[in-house]
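Construct the complete structure from the given sequences, taking the supplied hints into account.
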Amino acid sequence: MKFFNDRKIMTKVLSLVTVMVALVGILAFVSYRSVDQMQDAIAVSILRSDLLKTSNDMLDAQATLMYAEVSIAVKDTAQSVKDAEERTEFYKKVFTEGLPFMKSVADAEEAPMLEDIKAKYDVFMAQMEITLREANAIYVTKTKEDDSALKESAAKNEKNGREMMELLWALNADMNEDVKELGDNTAAMAVRSEHTVVVLSISIVVLGFLFGFVLSSKGIAKPLNASVDVLKKLADNDLDVDVQGADRKDEIGDVARAAQFFKVALIKQREMVEAEKREQVLKEKRQQRVQELIQSFDANATHTVSTVAAASTQLSQTAEGMSKIADETNRQSVEVASASEQASHNVQSVASAAEEMAATVQEISRQIAISNNMVQDAMSKAEAADASSRELVDMSGAVGAIATLIEDIAGQINLLALNATIESARSGEAGKGFAVVANEVKNLATQTAKATEQIRQQLDGVQKTAVNVADVLLSVREAIGKVDETSATIAAAVEEQAAATQEIVSNMNTATQGVEQINGGIFSIKGGTDSTTAATREVLDAARMLSVQAEKMDGEVKSFLRDIQAA
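Each step along the sequence shown adds one to the number in full-length UniProt numbering, with nothing skipped, and position 314 is 314.
None of these hints come from the bench; they were simulated from the model. Please note that the accuracy of each hint is not assured.
[What the hints assert, rightly or not] Listed below are the simulated DSS-like cross-link pairs for lysine-lysine, each with C-alpha atoms no more than 27 Å apart in a straight line:
1. Lys-93 - Lys-144
2. Lys-159 - Lys-93
3. Lys-263 - Lys-232
4. Lys-118 - Lys-180
5. Lys-249 - Lys-222
6. Lys-53 - Lys-103
7. Lys-92 - Lys-118
8. Lys-118 - Lys-82
9. Lys-156 - Lys-144
[Said to hold, decoys possible] Okay, the calculated beta carbon distance ranges per label pair:
10. Asp-236 - Ala-566: 34 to 42 Å
11. Met-10 - Glu-279: 45 to 53 Å
12. Ala-190 - Lys-159: 46 to 54 Å
Even glycine gets a Cβ: it sits at the ideal position worked out from N, Cα and C.
Shown next as structure tokens:
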């Protein structure tokens with residue numbers, strides 16, 4: 001058994017497969033030999049059956065030839081002679097083809113019998129030829145009237161035929177016995193082959209099962225289950241279990257050695273866990289003391305840093321507020337200075353523009369007069385377009401009524417076509433042509449209705465557009481009227497503007513002098529705000545530096561505390 005224990009599982013399985021293949025090969029060889037012997041026996045049986053059939057054909061042919069010869073002497077007619085000659089030629093082929101075949105396959109006992117049959121056949125056929133010549137001379141050519149020679153020949157050949165029949169019967173009986181014996185032997189051989197194959201198959205199955213059972217249970221399953229039990233106990237932390245099979249050289253030995261290694265590793269791990277537990281207790285005590293010191297230092301340092309940070313933040317906010325106020329004052333002074341300078345230029349520009357406006361007002365008055373004339377002309381054209389649009393609305397309504405009438409007519413035509421289709425269906429074959437015409441009329445009516453519906457939709461769109469155009473033209477007329485009124489108002493306003501322009505020119509000259517005095521005061525304010533801005537920026541930089549240092553100190557303290565806690 002140690003031989004199998006040192007072999008791999010694949011080798012064991014292959015050995016089982018090899019044994020099974022060898023046993024199946026033996027079964028296949030025995031089956032092949034049995035089938036081959038059966039085929040030989042069947043071939044011999046078929047050959048002997050062919051010999052028996054040929055013998056039976058020769059026996060039938062001989063009986064037919066004897067009957068033909070007898071019928072010549074009995075019937076005494078030319079037709080009987082002709083029938084005898086035809087039968088003789090036909091059945092001669094049976095002997096001329098059958099005898100050589102039988103000689104080629106006959107055994108030692110049958111060969112002399114075939115020689116005797118051949119000799120008797122030659123004598124019989126020679127005498128048969130004599131009988132046929134005598135019958136032809138008497139009944140066909142009528143060259144001879146005496147039939148004594150014919151009857152003598154027929155009687156003599158009858159004896160030859162009976163002797164030949166006895167030989168054929170003896171041959172046939174011998175062949176029947178051979179065929180029966182061959183059949184019995186073949187059947188017995190088939191039974192023996194069947195029994196041999198069945199017994200051998202059962203033996204192979206039993207041997208294969210026994211070999212596989214012993215190999216799988218003793219060589220694989222049992223030691224493998226033992227290894228699995230060891231692994232389960234090790235998994236349950238039972239380190240006192242005994243590992244067996246480590247000396248084996250197959251996969252089960254590999255599993256056993258792995259289990260032994262696993263056991264040793266678990267023992268070491270248990271020892272390490274116990275040592276770590278003891279070290280953990282000491283570490284927790286030291287950590288608790290360090291944590292108390294850290295909490296005390298953290299509280300004190302946090303309070304100090306928070307105070308500094310709050311003070312720096314407040315200082316930074318104050319400095320930023322002062323800086324914003326100074327910047328805003330400086331920006332506004334610059335804007336005011338720029339605006340005052342721009343205002344001075346604008347006042348001068350306005351004065352020049354006012355002078356130009358006076359000339360422009362006169363030109364506007366002239367253009368307004370021309371616009372009034374154009375407005376009156378547009379009013380008259382709008383009234384004419386409004387009348388045309390209303391006529392278009394009336395015409396589209398009339399066309400819509402006509403479209404409605406066409407739709408009604410198409411509906412009536414469709415109804416008539418439907419009635420015509422029903423009547424043509426009732427008329428049967430005679431109404432088929434009329435039904436086709438009615439369907440075409442119905443299709444035309446449907447198309448007309450669809451086209452009329454499209455026309456109605458287009459007319460509805462035209463009518464809506466015409467109404468919209470009429471409304472728009474009315475709006476245009478009202479707008480033109482308002483334009484006319486506005487033109488009159490503008491003309492009056494232009495006259496007033498001409499007087500106001502002269503007064504604006506005088507006021508702009510006075511405003512220019514005031515703006516120059518404002519510019520001088522603004523430049524004085526800007527100088528004071530520049531000094532304030534510089535001072536507030538220095539305070540803001542100091543406050544920001546203090547805030548950064550406070551944040552950095554807070555971060556260093558927290559980092560220091562985290563490092564101590566981690567240690």
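Which hint numbers doesn't this structure obey?
The structure breaks only hint 1.
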